[in-house]
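Visitor: Sequence:
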Amino acid sequence: MKNKKIKHIFAYLVIGVLLLLAVKKCFEKAPDRISMETYNYTDVIVNDEEVMKQVDEYDSTIPDTFKRVAENDQLELFLDKESIAIAVRNKVNGYTWYSYDVDMNMEEKKLSKEMTNYMKSGISVITYDKFTPGRRTVLDEDVNKTYQKRENGFTVTIDFIQPKIKFDFIVEIKGGDLITSIPRESIEEYNDKLWTPGNDDVSINEIVVYPFLGSTTEKEDGYIVIPDGSGAIIRLDETPKYATGYVAPVYGKDLGYANTLSFGSESFSVKPLESVVLPIYGIIHDENDTGVLVIAESGASYATYNYVSKNVSTKYYQSYFTYNYRTTYSQFQSRIDEEQHVLGFQEEPNKFDLVQRYVFLNGDKADYVGVAKEYRDFLTKQYGFTKKEKNKKDKIPLKIDFINNEVEMGTFNLENVKATSYNQAKDIVKSFIDKGDTNLNVTFKTYLLDKQAYRFQVFKELGGKKDFKSVLNYFKDNDVKFNYYMNYARTNHKKTKFTASKMSRQDLSVRNDKSQVYNYLNDPKYFMDFAKSDMNNLRKYHIDSLAFDGFTGSLFTHYDKGTIGYSNEGMKYIKNLMTYFNDNNIETNIYRGDAYLYPYMTDYYETPICSSNLMFIDRTIPLVSLVASGNMDMYSPYMNFSSNDDEAILKLIEYGVYPAFILTGEPTYSIKYSNSSNVYVSQNKYLEERIDNYYDKVNDALNHVIGSELINHTYIDDNVVMTEYANGKKIIINYNDSDYIYKDITIKGKGFVVI
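Numbered by my numbering, the letters in the sequence shown go through residues 3 to 757 in order.
Possibly wrong hints are sitting among the right ones.
Taking lysine to any residue and the SDA-like style, the derived pairs with C-alpha atoms no more than 25 Å apart in a straight line are [unchecked claim]: (1) Lys-542 <-> Phe-414; (2) Lys-497 <-> Leu-257; (3) Lys-176 <-> Phe-414; (4) Lys-273 <-> Tyr-520; (5) Lys-389 <-> Asn-584; (6) Lys-389 <-> His-706; (7) Lys-534 <-> Leu-450; (8) Lys-317 <-> Phe-470; (9) Lys-147 <-> Arg-137; (10) Lys-574 <-> Arg-457; (11) Lys-471 <-> Lys-542; (12) Lys-437 <-> Arg-457; (13) Lys-496 <-> Asn-514; (14) Lys-527 <-> Phe-500; (15) Lys-497 <-> Phe-414; (16) Lys-147 <-> Val-104.
Hint data in this document are derived by calculation from the structure and do not stem from the laboratory. Keep in mind it's a predicted model, so treat the numbers as computed, not measured.
Let the hints inform the model, and build the full structure from the sequences given.
Guide: Okay, here's the thing in structure tokens:
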């Protein structure tokens, strides 16, 4: 018995020693755990060969060419080394997302080698061969790929040998997100003869990251969420309603590359498409089960959103971003003949880190509401997008903008036009207050001839300092929110020393879609100078709230005295401007604000309430409202010009948006030939009844949810919508002419019910 115990003890000791050695060996092999930031791409953990040796287990349904390279509690990342294609398995619901359809039969679908390579390739580069753009993929000949393992994924250095273009591509998983990035400092165009006379120049135009991730031939209960205006969805039907595509630049077209168009008597205009104010899109494969939100996290001002329908170029629905690094522009050889020009290129590619984030959606978060809410959470975590505290009132606010001073062409030069005196504005506001409309938001809009812009100044012709102070005191005594209209981004009629230059060295001018007059865009580096010059006057009159217009569509690449000003630098200048005013206790409210400005906005003016209503869109949705509601008050575009008041009122109720109007004290005819010529009805006496109708009906619905977040939006039937708020209230809106019954609740035609 004693000998048996000794043997057992000896055996345990041997096992213990072996375990200790095994643990020691594991620790010797285990890489150091490094905290990786999105832009940190230099920390290499193991070499290329070890990447492919670490895979022992993977889902048998995933093709053998895909090897697992990273895993956490929520996701598994698989890599096909040859194509840089990936598979991401969502461990929460078991669904696997592929960067292309791994089950497709290329020969059966009769796809060319070029198209096959494009679909499989994780990265595509659009290059200029001389002046002709062409696509290159990582599956083309003469492309080297060198892999390095990261803690949560991999880095691959991609070298396109023939055009001599090289960069690093990083793929990582963090929590439930996939993050792909291309650091700008890694991009090399190493052709020593690039841009030298006689050389066959090949340079970067665009980079496309996983353009077929989430692509599908159909999904019975799926759709694509596109960021068109207020937002829209396109069903993934077996047969598309319209086989077409949609392309829209995020935050507006880069006007620095555009040619100046002549604007003569024979020119005409059409209503522009709605702009993309959110740098996101969504793909829902199975509503209330699985989907993905894609965010252009860095480089958004150089991103373009693309939707391609099934049966256009492939059998797949596509949704993806492209990122612009260089665009051709015209270099004119003659001041009088625009036909005499050559195409020019900027020498250095645009300077931004490309970062694209994929947020995988599960369960009841897998719908367009989930797309909006996950992006809202992203803004909160990354940029501090939080609720602006306000004194809650019993009635919704009503926004009134007054045109105080305008300009028009006189006999010899531009002349001031008085549109609304200070006392006229006070009398109109008083008429609203006397009717019980006590929650008012008022803006004064004044054009300054000496600055050729809308800025702050007290005009003698409008009543002078005495009347202006009297108006301010009246507003303060009656708790009327007051802010002054500012436009630092644009000047009208004449260029100034602040006017930016296009890449072609022309003045950066553009036709205003609203007023059809030319605007000159200012170099954003001067915005802070404008702010500091205005600050003394703002403090003198105790102005504590400003209304900024002109930032939408004003991010551009431009020539700046021998250097290049980049659009993302312009974005930083605008953010610094907002921070400056906020630090000086001045609220910043923004018209048609792009998403990067949300953390700085107290009120959202001209909130998008429609999409472009293109033929292939199945539904318009309140994507912007779902992101912004509760954190800021949202106001409509001017409802002076609505063609269907009943529909418009219901739309404001559905989207949680308050009504806004623009008024003048003088007859509208007085501004007919001014910058505000697009305002064709503005006198309060002609709009009073209409304003009352809007305000009373919208207030009946939205006064129950003032300051509350819109948390859900559901189509319960054709033309019948239910919205739900964080305070527990629900509003059912019926757009039909006939009554609708929902769970024993009758909603009248063109009506609503709050429950």
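Visitor: Quick one, are Lys-534 and Leu-450 close enough, alpha carbons at most 25 Å?
Guide: Given pair Lys-534, Leu-450 holds - Cα atoms ~17 Å apart, limit 25 Å.
Visitor: Take the C-alpha atoms of Lys-496 and Asn-514, compute the straight-line distance between them, and say whether it is at most 25 Å.
Guide: holds (14 Å)
Visitor: Between the alpha carbons of Lys-437 and Arg-457, is the straight-line distance 25 Å or under?
Guide: violated (32 Å)
Visitor: Given the proposed pairing of Lys-389 with His-706, does the C-alpha separation stay at or below 25 Å?
Guide: holds (18 Å)
Visitor: So if I understand the rule, the pair passes when the alpha-carbon distance is 25 Å or less; does Lys-273 with Tyr-520 pass?
Guide: holds (16 Å)
Visitor: Could you grab the alpha-carbon distance between Lys-527 and Phe-500 and see if it respects the 25 Å cut-off?
Guide: This hinted pair holds, its Cα atoms lying about 9 Å apart.
Visitor: Within a Cα-Cα threshold of 25 Å, do Lys-317 and Phe-470 meet the stated pairing?
Guide: violated (64 Å)
Visitor: Hint check: Lys-471 vs Lys-542, CA-CA at most 25 Å. Holds or violated?
Guide: Distance of about 11 Å is within 25 Å: holds.
Visitor: Within a Cα-Cα threshold of 25 Å, do Lys-497 and Phe-414 meet the stated pairing?
Guide: holds (18 Å)
Visitor: Below or equal to 25 Å on CA atoms is what counts here, so check Lys-542 against Phe-414.
Guide: violated (35 Å)
Visitor: Does Arg-457 sit within 25 Å of Lys-574, going by the straight-line distance between their CA atoms?
Guide: holds (22 Å)
Visitor: Take the C-alpha atoms of Lys-147 and Val-104, compute the straight-line distance between them, and say whether it is at most 25 Å.
Guide: Answer holds: Lys-147 to Val-104 is near 21 Å, not above 25 Å.
In the structure shown, a violation is registered for the earlier hints numbered 1, 3, 8, 12, in ascending order.
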